[in-house]
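Using the sequences plus the hints, can you model the full thing?
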Amino acid sequence: MASPNKKAKELEDPGSGEGVESRDYDIEIQKTLEEIDGCQNQIDGLNEKASDEILEVEKKYNKLRKPYFQKRNDIIKRIPNFWVTAFVNNKEIAEILEEDEEDALRFLNKLEVEEFEDIKSGYRINFHFDENPYFENDVLTKEFHLGSSGDPASQSTPIRWKEGADLTKRAKTKAPLKGRKRPLKHRSFFDWFTDHGDPSSDEIAELIKDDMWPNPLQYYLAPDMDVENGIEGDGEDCDTEEEEEEEDGGADDGDEAGEAEEGDDSIVVVEDDVDEDDEEEEAVNDEEDGVNEEDDLLVDDEVDREDGEGEEPE
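Under the UniProt record's numbering, think of the first position of the sequence shown as 1, with each following residue one higher.
Hints are computed from structural coordinates only; laboratory data are not their basis. Hints are all accurate, no fakes.
Label pairs and their in silico Cβ distance ranges:
1. Lys91 with Gly45: 33 to 43 Å
2. Asp26 with Glu206: 47 to 57 Å
3. Asp74 with Ile43: 41 to 51 Å
4. Gln30 with Thr194: 50 to 60 Å
5. Cys39 with Glu99: 52 to 62 Å
6. Glu92 with Ile43: 31 to 41 Å
7. Gln155 with Ser51: 18 to 28 Å
8. Arg160 with Glu53: 37 to 47 Å
9. Gly45 with Asp166: 50 to 60 Å
10. Glu35 with Asn215: 44 to 54 Å
11. Thr194 with Asp74: 26 to 36 Å
The C-beta atom is built at its ideal place from N, Cα and C for all residues, glycine as well.
Below you can see the structure in the form of structure tokens.
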């Protein structure tokens, strides 16, 4: 921190036009600044202590995580093209992958990120390959070292390319974009691996270390996630279509109701016809009932006469 004993800048007196002599800060302000500086030094000391303790905790958990990373790698080997699929599904890495490099990465069977014992000193990325038609190496390693000066440096395994299979030669013929120090789209994956020009801004290495390595499954499954999202979207469309169909159905019902109202006259006529038929049927029934009653009366009269003839006079 700058010393609190600085003198105020020379002020110009607007009235006289003459410069006002510089003077020391007020004693009280000076003491206050010294107190603030003392507090800040204590805060900085605690921050440094916290950083050291955090590094120790990180080292501890790196050791605890290591067997699980190894177990995960063993399981991943059972899935063909796992790592190349994860790389292709990562936008930044996919931008620097050429088609033949993608084919070369199909032989990648294991990826490891190892931090040095002193975490602050750097890390390495190991790429393990099956036998392939491109290079002789079984393992390709790129290391990043953070020196005491704070300037990082990188180095990588020399690639022993097989005859006619050097994948870096083609990419070198491409012209970089103007104004871009690291034209990612104009470098290939293996150009990145062999490039040590500016390790302080190596975005690909940081992405592999901090994003890909901790959870590669999120990239391997990326297309499936898109499909699931697409299915959800289709479901929404189906819901919308169903709602529209319901609305159309409601409109059709309304039309049918309207047609029914318009046809009420015909319905009434039919009902009238039914009533007339009922009345005629009732009249016929009444006539039949009347005939039957008359027949009954005649029978009764005949019986009475017979009874009267059969009685003896007194």
